[in-house]
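A.B. asks: Sequence:
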Amino acid sequence: MAHGWPAVLVDDLVRLRPLRRRDGPAWLELRAQNQSWLEPWDATSPVPVDGPRPTFAQFVRTLSAQARSGTSLPFAVDYAGELVGQVTVSSITYGSLRSGAIGYWLSEHVAGRGVMPVAVALAVDHCFTTVGLHRIEVNIRPENRPSLRVVEKLGLRDEGVRERFLHIGDRWCDHRSFALTAEEVPDGLLARYRATRPAP
Numbered sequence: 001m002a003h004g005w006p007a008v009l010v011d012d013l014v015r016l017r018p019l020r021r022r023d024g025p026a027w028l029e030l031r032a033q034n035q036s037w038l039e040p041w042d043a044t045s046p047v048p049v050d051g052p053r054p055t056f057a058q059f060v061r062t063l064s065a066q067a068r069s070g071t072s073l074p075f076a077v078d079y080a081g082e083l084v085g086q087v088t089v090s091s092i093t094y095g096s097l098r099s100g101a102i103g104y105w106l107s108e109h110v111a112g113r114g115v116m117p118v119a120v121a122l123a124v125d126h127c128f129t130t131v132g133l134h135r136i137e138v139n140i141r142p143e144n145r146p147s148l149r150v151v152e153k154l155g156l157r158d159e160g161v162r163e164r165f166l167h168i169g170d171r172w173c174d175h176r177s178f179a180l181t182a183e184e185v186p187d188g189l190l191a192r193y194r195a196t197r198p199a200p
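In full-length UniProt numbering, the protein residues as written are 1 to 200.
There may be inaccurate statements among the hints.
What the hints assert, rightly or not - Cross-link-like lysine to aspartate or glutamate pairs, in silico, EDC-like; alpha carbons within 20 Å at most: (1) K153 x E143; (2) K153 x D187; (3) K153 x E29; (4) K153 x E137; (5) K153 x D170.
No lab work stands behind these hints: they were computed from the structure.
These figures come from a predicted structure and were not determined experimentally.
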């Protein structure tokens, strides 16, 4: 098993855990309910894919294999005990780079409650402390305001625009790249985020 996996990360009502096959019905319903909310940002293949789409069980098996090999950390996001989204650390590289990229999606019905900034901070802290990565990046479409708010709240560094970075829909789309290194958050990203939030 890869270092740092499986893992369960918790802060108050937000919980990150491995995605399971029994999450299938809730996950599929959530994606269907949020299709118009999520589809504009979902990556697609520029090459036509033949054959049936993978089942949810096949999807989970693929993610689990990537996690075991140490190239990905695919977390389900629970909020108050309910599955509400996903955070995935992908493109994990060791050696002299020791980096990864984080992608995420969240159900619209819990957007704006601070769920995703906490979830991303938990994942980043896990990557820096337990997994031993040095750098994390997040790439976001410039038009995706909800996703941009997450990295703004967390104070990630804006490294500029990557032109035609990712295929979405029927075209190659520009993305803004945000990054963070372990030296920037010696006490953890979650602690820094908490310190910058207004008192309740």
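A.B. asks: A separate judgement is required for each hint: does it hold in the structure or not?
C.D. replies: Structure-based check of all given hints:
Among the hinted pairs, K153 with E143 is consistent with the structure: their alpha-carbon atoms are about 17 Å apart, no more than 20 Å. Proposed proximity of K153 and D187 is supported: the alpha carbons are some 17 Å apart, at most 20 Å. As the CA atoms of K153 and E29 are separated by approximately 29 Å, the hinted pair breaks the 20 Å bound. As the CA atoms of K153 and E137 are separated by approximately 15 Å, the hinted pair is consistent with the 20 Å bound.
Taking the CA atoms of K153 and D170, the gap is near 31 Å; set against the 20 Å cutoff, the hint is violated.
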